[in-house]
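> Sequence:
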Amino acid sequence: MKKVELLAPAKDKETAIAAINCGADAVYIGASEFGARKAVPNSLDDIKEVVNYAHKFYAKVHVTINTILTDNELEQAQTLIHKLYEAGVDAIIVQDMGILKLAAEGKLPPIPLHASTQCDNRTLEKVKFFENLGVSRVILARETSLDRIKEICANTNCEIETFIHGALCVSYSGQCYLSYAIGGRSANRGECAQPCRKKYSLIDDKGNILAQDKHLLNLRDFNASGHIEELVNAGVKSFKIEGRLKDINYVKNVVAFYRREIDKYAQKISSGRIEYDFEPDVNKSFNRGFTDYFLEGRKKCFNFNSPKSLGEKLGKVTKTGNNYFEIANTKISVQDGLCWFENGEMQGCLVNKIEGTKVFPNKTHLPKTGTLIYRNQDSAFEKQLKNSKTKRRIRVDFAFEHNKLTAADEDGNIVSLPVNSSETPNNPDKMKENFTAQIKKTGESDFYVQNIEINGSLPFLPVSKINELRRSVLAKLMEERLKNYKREVQKPLHYTEFPLSDLDYKANIHNAKAKGFYENCKCKVNEMSLESSNNTSGKCLMQTKHCLKYAFDICKSPKKLFLLDEKGKKYRLEFDCKNCVMQIWS
Numbered sequence: 008m009k010k011v012e013l014l015a016p017a018k019d020k021e022t023a024i025a026a027i028n029c030g031a032d033a034v035y036i037g038a039s040e041f042g043a044r045k046a047v048p049n050s051l052d053d054i055k056e057v058v059n060y061a062h063k064f065y066a067k068v069h070v071t072i073n074t075i076l077t078d079n080e081l082e083q084a085q086t087l088i089h090k091l092y093e094a095g096v097d098a099i100i101v102q103d104m105g106i107l108k109l110a111a112e113g114k115l116p117p118i119p120l121h122a123s124t125q126c127d128n129r130t131l132e133k134v135k136f137f138e139n140l141g142v143s144r145v146i147l148a149r150e151t152s153l154d155r156i157k158e159i160c161a162n163t164n165c166e167i168e169t170f171i172h173g174a175l176c177v178s179y180s181g182q183c184y185l186s187y188a189i190g191g192r193s194a195n196r197g198e199c200a201q202p203c204r205k206k207y208s209l210i211d212d213k214g215n216i217l218a219q220d221k222h223l224l225n226l227r228d229f230n231a232s233g234h235i236e237e238l239v240n241a242g243v244k245s246f247k248i249e250g251r252l253k254d255i256n257y258v259k260n261v262v263a264f265y266r267r268e269i270d271k272y273a274q275k276i277s278s279g280r281i282e283y284d285f286e287p288d289v290n291k292s293f294n295r296g297f298t299d300y301f302l303e304g305r306k307k308c309f310n311f312n313s314p315k316s317l318g319e320k321l322g323k324v325t326k327t328g329n330n331y332f333e334i335a336n337t338k339i340s341v342q343d344g345l346c347w348f349e350n351g352e353m354q355g356c357l358v359n360k361i362e363g364t365k366v367f368p369n370k371t372h373l374p375k376t377g378t379l380i381y382r383n384q385d386s387a388f389e390k391q392l393k394n395s396k397t398k399r400r401i402r403v404d405f406a407f408e409h410n411k412l413t414a415a416d417e418d419g420n421i422v423s424l425p426v427n428s429s430e431t432p433n434n435p436d437k438m439k440e441n442f443t444a445q446i447k448k449t450g451e452s453d454f455y456v457q458n459i460e461i462n463g464s465l466p467f468l469p470v471s472k473i474n475e476l477r478r479s480v481l482a483k484l485m486e487e488r489l490k491n492y493k494r495e496v497q498k499p500l501h502y503t504e505f506p507l508s509d510l511d512y513k514a515n516i517h518n519a520k521a522k523g524f525y526e527n528c529k530c531k532v533n534e535m536s537l538e539s540s541n542n543t544s545g546k547c548l549m550q551t552k553h554c555l556k557y558a559f560d561i562c563k564s565p566k567k568l569f570l571l572d573e574k575g576k577k578y579r580l581e582f583d584c585k586n587c588v589m590q591i592w593s
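Position one of the sequence shown corresponds to residue 8 (the working numbering), numbered consecutively onward.
Think of the hints as simulated: they come from the structure by calculation, not from any bench.
Computed from a predicted structure; not experimentally measured.
Incorrect hints may appear among the rest.
Claimed, not checked - Calculated cross-link-like contacts (lysine-lysine; reagent style DSS-like; alpha-carbon spacing at most 25 Å):
1. K9 to K315
2. K546 to K566
3. K213 to K45
4. K493 to K213
Unchecked claim - Derived CB-CB ranges, DEER-like:
5. E487 to E158: 38 to 44 Å
6. K574 to D284: 18 to 24 Å
7. K370 to P506: 18 to 24 Å
8. V496 to N462: 29 to 35 Å
Every residue, glycine too, gets a C-beta built ideally from N, C-alpha and C.
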């Protein structure tokens with residue numbers, strides 16, 4: 008079986024450690040600055056703590072420095088990358104080409120560089136550019152189809168990372184300027200205000216309303232669990248879960264779910280056996296309804312009714328009383344969150360009381376008979392996740408021979424300690440039984456014992472000495488594991504020709520180094536980043552595969568269409584029907 012990486016998000020060190028315990032081969036986390044999720048920074052000390060924990064299990068830590076940077080920020084980022092390398096971080100995820108220029112100039116440590124999905128990695132030509140440049144890994148756009156993923160993997164030696172779960176940006180990543188145009192909060196600077204989750208109306212050039220006050224840019228959440236085998240066979244190296252803003256319970260559940268799914272078709276790249284104490288179910292965690300997006304052609308990937316979590320589908324209301332309603336054959340608990348749609352709007356309640364099949368909500372407004380009910384907060388499941396003691400342990404085999412105890416782990420690390428005792432036991436069989444029983448007791452350590460082999464006669468050892476011997480040899484084994492942990496090395500970067508010869512604001516060039524990088528790649532830079540000019544007038548603010556003509560079944564309509572936001576601001580829509588792309592213009 009191939010070895011692939013399950014890559015999990017982490018907003019903080021507690022979430023990162025939980026992700027590793029639940030089966031992640033790697034985590035990605037923001038540093039103190041320059042991450043695309045500005046709201047969740049982490050100190051160097053915390054990142055170092057995550058690194059130390061991850062490396063025990065041969066899991067990796069990637070750090071996001073994936074915003075575009077000013078000249079001054081680029082200098083700070085250079086210093087930060089050196090510190091992250093010294094802390095043991097395994098890779099840096101980058102968007103700004105100024106960082107790649109620093110690497111090409113030999114001004115960065117040999118830490119692997121991953122081209123963020125913010126680099127707009129949609130084509131084989133773009134991936135080949137990064138491969139020829141020398142970048143270690145390319146993270147594909149979420150919109151990439153299975154056929155395109157197969158084509159890319161078959162024609163490049165660069166590691167390919169692709170998303171498999173989580174929230175979807177409606178725009179091509181790195182190509183969205185709507186948040187910046189509306190309120191000055193740039194997605195490329197880590198400050199997206201998520202205008203795609205707001206309400207809009209769709210009108211034509213004559214003022215006719217096709218849709219009013221709907222969440223027209225809101226997408227369902229991505230779920231590629233049905234395509235894991237195909238993605239593994241295609242050659243994808245890393246399977247990425249979105250969610251650096253998600254809470255720890257979400258990460259535990261989703262990581263555990265995908266660990267089990269991936270294990271059916273591939274081996275994990277990290278070590279250890281995961282001992283779960285809950286049954287993962289992604290339907291029970293935050294989701295806006297699921298879609299496999301464009302993996303297998305165009306589908307209805309949108310949710311115009313609400314950007315809030317739907318959760319899991321329960322069933323239809325069978326009866327409504329004065330202050331209660333009933334749902335057949337469904338186990339519901341007090342404090343569960345339930346929701347439903349009424350006239351296109353999401354309604355919701357908390358469960359105050361349960362009497363048999365009767366559900367008593369905390370609101371007087373009740374769903375009608377026949378209404379489909381969802382549970383977007385499963386209180387019992389959330390409590391189970393919160394209290395979960397799921398643990399990852401490394402297999403170890405013990406052998407006693409010639410007055411020496413040897414421990415060997417699943418990765419081939421071996422250590423030995425002498426057994427300093429020459430006293431003969433009165434009962435050798437009992438001594439062997441006690442020795443075996445105590446050596447097996449790894450307790451709360453990071454190891455579990457698979458085999459114990461005893462060759463020859465054991466000397467007499469009191470229980471306290473056996474326990475001390477076990478603890479000492481396991482501590483020595485962990486030291487050996489960490490000593491033998493192999494960090495990957497970034498090879499030198501060399502400039503190569505970029506697929507485009509002329510660049511405008513959509514290249515997101517925000518500093519002099521980035522401009523110089525593209526010029527060294529034989530590009531003419533006609534325009535710096537949109538954030539540099541502070542002028543969004545007459546600009547394309549978003550490119551998206553989500554098409555409103557398709558959504559409303561008017562693909563062949565010649566009508567000119569516009570989006571109208573809640574404040575009355577109008578945005579022109581343009582349609583590239585050949586490539587099935589919609590653009591939003593200021």
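> Does each hint fit the structure? Answer for all of them.
Hint-by-hint comparison with the structure:
1. With a C-alpha separation of about 37 Å, the suggested pairing of K9 with K315 is violated against the 25 Å cut-off.
2. In summary, the hint linking K546 to K566 is supported, as the alpha carbons are separated by about 21 Å, within the 25 Å threshold.
3. For the hint pairing K213 with K45, the CA-to-CA distance comes to about 41 Å; that exceeds 25 Å, so the pair is violated.
4. Of the pairs offered as hints, the one joining K493 and K213 is violated, with about 64 Å between alpha carbons and a cut-off of 25 Å exceeded.
5. At about 43 Å, the CB distance of E487 to E158 agrees with the hint of 38 to 44 Å.
6. For the hinted restraint 18 to 24 Å between K574 and D284, the CB-CB distance of approximately 49 Å leaves it violated.
7. For K370 paired with P506, a C-beta distance near 55 Å fails the hint of 18 to 24 Å.
8. Evaluation of the 29 to 35 Å hint for V496 and N462 yields a failure: the beta carbon distance comes to about 41 Å.
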